[in-house]
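Novice: Below, each chain spelled out in residue letters.
There are 2 protein chains.
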Amino acid sequence: MTLPISRTAEQIAPFRVMKILGQAKTLEAEGKDIIHMEIGEPDFPSLACVHRAAMKAAEQGLTHYTPTLGLPSLRKKLAQFYRSFYHAKVAASNIIITPGSSSALQLVLTAILNPSDQVLMADPTYPCNRQFVELLHGKVKAVPVDADTQYQLSLKLLEQHWSKEIKAVMVASPANPTGTLIEQDALHDMAQFLSERDCYLIVDEIYQGLVYDRPAESILAQRDLPDNVIVINSFSKFFGMTGWRLGWTVAPTHLVDVLDRLGQNLYLSAPTPSQYGALAVLEEDALTELEQRRQIFQQRRDRLHSAMQQAGFNLKTLPQGAFYLYWDISQWSRDSEQFCADLLQATGVAITPGTDFGSSQGNHYVRLAYTSERIEEAVERIQAFVRTLHA
Amino acid sequence: MTLPISRTAEQIAPFRVMKILGQAKTLEAEGKDIIHMEIGEPDFPSLACVHRAAMKAAEQGLTHYTPTLGLPSLRKKLAQFYRSFYHAKVAASNIIITPGSSSALQLVLTAILNPSDQVLMADPTYPCNRQFVELLHGKVKAVPVDADTQYQLSLKLLEQHWSKEIKAVMVASPANPTGTLIEQDALHDMAQFLSERDCYLIVDEIYQGLVYDRPAESILAQRDLPDNVIVINSFSKFFGMTGWRLGWTVAPTHLVDVLDRLGQNLYLSAPTPSQYGALAVLEEDALTELEQRRQIFQQRRDRLHSAMQQAGFNLKTLPQGAFYLYWDISQWSRDSEQFCADLLQATGVAITPGTDFGSSQGNHYVRLAYTSERIEEAVERIQAFVRTLHA
Ligand SMILES: Cc1ncc(COP(=O)(O)O)c(C=O)c1O
Ligand SMILES: Cc1ncc(COP(=O)(O)O)c(C=O)c1O
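Protein sequences, first through last, are from chains A and B. Under UniProt numbering, residues 1 to 391 are what the first sequence spells out, in order. Under UniProt numbering, residues 1 to 391 are what the second sequence spells out, in order.
There's no promise every hint is true.
Same chains, same names: a pair is fine if it fits in one copy or spans any two.
[Stated by the list, open to error] Think about it this way: if two alpha-carbon atoms lie no more than 27 Å apart in a straight line, the pair counts; the simulated DSS-like pairs of lysine-lysine are: (1) Lys76 - Lys56; (2) Lys139 - Lys89; (3) Lys19 - Lys89; (4) Lys56 - Lys139; (5) Lys77 - Lys141; (6) Lys164 - Lys141; (7) Lys25 - Lys76; (8) Lys32 - Lys19; (9) Lys25 - Lys141; (10) Lys156 - Lys316; (11) Lys32 - Lys156; (12) Lys164 - Lys76; (13) Lys56 - Lys89; (14) Lys77 - Lys139; (15) Lys156 - Lys76; (16) Lys25 - Lys77; (17) Lys141 - Lys89; (18) Lys56 - Lys25; (19) Lys164 - Lys89.
Just so you know, these hints were derived from the structure itself, not from any lab.
Turn these sequences into a full structure, and let the hints steer you where they fit.
Specialist: Printed below as a string of structure tokens:
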């Protein structure tokens, strides 16, 4: 067999989390009790109002392709949402609805990158970001970050690592896998620094709304936002609509037409029932329910954090958002994949090795997703497990 | 402003059909009576059983990401569907569910193309195919085809245009924009020829099921199918689910793992409600309803064809499938975009210029989609319009 596979496709790393998930499901099928803390999605289903709105639209025959940029009513409603919730002035014409923020990330990077262009991002980071860049034959410049900067890029790091081959910088706030934020004034300075260098700043706000102890924010609320800022967002996480595959980007005006043409080719339009469902999830009642879910995540974060501390585990940060805790396990293992595999086998607790998120310290870290209620129990099992290891 | 836009993105041609659609909608809003024959999707909404199944799954909390390869139950059901409808032995493990066949096309080409690799396709062809290849920095080798080969590639054309830089050949049967088929034995010979040269044959069967005067077929029913054949399909057209964004590919075994990893990065999973909806549309009752719709399309094709002939228009082929008629207008105009714009303005009939589909004869052709019931009326208006032109 000499039928070819492309070089970029061949080098794409598998998702370790999918492997863990597969093993966990196999063990579950064998009757083992599994605590799922591996997957990056809310355990809650989407809200009933979403299902009803999608169904109602379908019954009215609204099941055709929508315009590639999205339903005008949804773009308008999102603009209003930015205004009332984030005090951000965003024009509906700059909002582009996409099939998941995954497509928004791909669309935006395709619009701006030529082969060999560099994209700066933190290590650890959301793994697909690296792959999007490499599929476009761009180069990933991964900057190792640690607890000193809340595992985030900073103006100082941009200055240190700057080179003119860099065409875009990607950040996420709150971030996956660390749950940490970048302060808005720091983001502002980074946007400014990059704007002066004709470089884009891509801000992934997909965990926006899932922020604890403080109000949720958007970079779009800043006055005089330079037009190198591109925001990525999604109905997946805060809005609890992962399976509906709906996201959006807020793009500067000069990119809208090119993003439209790219979307026309890459995916035609985002799912129509999901777009009608999303109209419902932006209503007052739905937002009240989502706020209750946010509080549940906050309680879980607090419970996980204190259980870990009581177990004597050293945590370098208190995550301020999303539903992740990134935990340094190097005192027990420098092979996080083995650690996760053994932990799952021994205790039934499924978590994700850091190697999914970065190469610099990935083998020393694991990610715990508090998308399960069985938090204290999980930590007890982990504690019992690490006791069996030579520290 | 010197913020960059990538070269590949900048050169992407706009869809003329979207421009015509926009103009048609504007005229409609001004009170003008428009007959829509421009858009490539069934005018029917999706079936009620789809809505019910999607809703029922959502109410049961099935709104999370599915495995990237798709719901196991849907993959299995499609395998059964191939067996019972097409007498094709397809393993569920070779079926990969995607968000629209658009994603299937992108996924497959990403899996096999390196930069500068060539992809052979007919001119005219479905426009996105060219763009998918160019976004990957591959090269499109477009072979002008005409009514002699039913506007399709043939073994003879492959032999004539063969070069070892060609890594894939793309065909569609039935095809967009021409509605023509390739006979299965011709396809078989092409697959064999390409297999001997380690070249893939990508067969787009997205209009499968919408075939007239003869039974629908699949290349997958062939015995000893060489493993260079990749099939693309969709729930959009025959199954009437455009807005649900659901398609699939049947890929040779050696590509499944790499397609899985690519999908994990590019889109995570196909829409979950759509996948549950698709399970319903593969049931007996739904298929009976879809067969009735197929008959309606067949009647429309016959009506359109005879109305055109009665109007004295010369048609080079009788389309055997899909819902398109490709019509040579060169006797009145060698600028199909102007022709379509003027026709719309003068008569309210919206059709698509051939320039969307190819550069070789695109200015001499237009595409009429019989996705409207007002067929005789449309032809009368066209007839009155061309009388005003100097032949
Ligand atoms: C940081 C980040 N961005 C983007 C995504 C993509 O999510 P979706 O495509 O469901 O919007 C994810 C999913 O986990 C994520 O963690
Ligand atoms: C030949 C052909 N292939 C693929 C597609 C993509 O359709 P979808 O993404 O809805 O499955 C189309 C849509 O018009 C088409 O005409």
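Novice: None of the hints should be skipped; say for each whether it holds.
Specialist: Comparing the hints with the structure gives:
Proximity of lysine 76 and lysine 56 under a CA criterion of 27 Å is satisfied intra-copy only: 20 Å inside one chain copy versus 29 Å between copies. Neither within a single protomer nor between protomers do lysine 139 and lysine 89 lie at most 27 Å apart by alpha-carbon distance, with minima of 34 Å and 42 Å respectively. Neither within a single protomer nor between protomers do lysine 19 and lysine 89 lie at most 27 Å apart by alpha-carbon distance, with minima of 43 Å and 29 Å respectively. Taking CA atoms no more than 27 Å apart as the test, lysine 56 paired with lysine 139 passes in neither setting, with 46 Å inside one copy and 45 Å between copies.
In this assembly of identical chains, the alpha carbons of lysine 77 and lysine 141 never lie at most 27 Å apart, being 37 Å within a copy and 44 Å across copies at closest. Taking the shortest Cα distances, lysine 164 and lysine 141 sit within 27 Å of each other inside one copy (12 Å), while across copies they are farther apart (35 Å). Proximity of lysine 25 to lysine 76 under the C-alpha cut-off of 27 Å is restricted to the inter-copy arrangement: shortest distance 19 Å between copies versus 42 Å within a copy. For the homomeric pair lysine 32 and lysine 19, the shortest alpha-carbon distance inside one copy (17 Å) is at most 27 Å, but the shortest distance between copies (58 Å) is not.
Neither within a single protomer nor between protomers do lysine 25 and lysine 141 lie at most 27 Å apart by alpha-carbon distance, with minima of 35 Å and 46 Å respectively. Taking CA atoms no more than 27 Å apart as the test, lysine 156 paired with lysine 316 passes inside one copy only; the shortest distance there is 21 Å, against 68 Å between copies. In this homomeric assembly, lysine 32 and lysine 156 never come within 27 Å of each other (Cα to Cα): the closest approach is 48 Å inside a single copy and 60 Å across copies. Taking identical chains as interchangeable, the C-alpha atoms of lysine 164 and lysine 76 are never at most 27 Å apart, the minima being 37 Å within one chain and 51 Å between chains.
For the homomeric pair lysine 56 and lysine 89, neither the shortest alpha-carbon distance inside one copy (31 Å) nor that between copies (38 Å) is at most 27 Å. Proximity of lysine 77 to lysine 139 under the C-alpha cut-off of 27 Å is found in neither arrangement, the shortest distances being 37 Å within a copy and 41 Å between copies. Taking the shortest Cα distances, lysine 156 and lysine 76 never come within 27 Å of each other, neither inside one copy (37 Å) nor across copies (53 Å). With identical chains, the CA atoms of lysine 25 and lysine 77 are at most 27 Å apart between copies only, with a shortest distance of 22 Å across copies and 40 Å within one.
Neither within a single protomer nor between protomers do lysine 141 and lysine 89 lie at most 27 Å apart by alpha-carbon distance, with minima of 32 Å and 46 Å respectively. In this homomeric assembly, lysine 56 and lysine 25 come within 27 Å of each other (Cα to Cα) only across copies, at 24 Å, whereas the closest approach inside a single copy is 35 Å. In this assembly of identical chains, lysine 164 and lysine 89 lie within 27 Å of each other by CA distance neither inside one copy nor across copies; the values are 31 Å within and 54 Å between.
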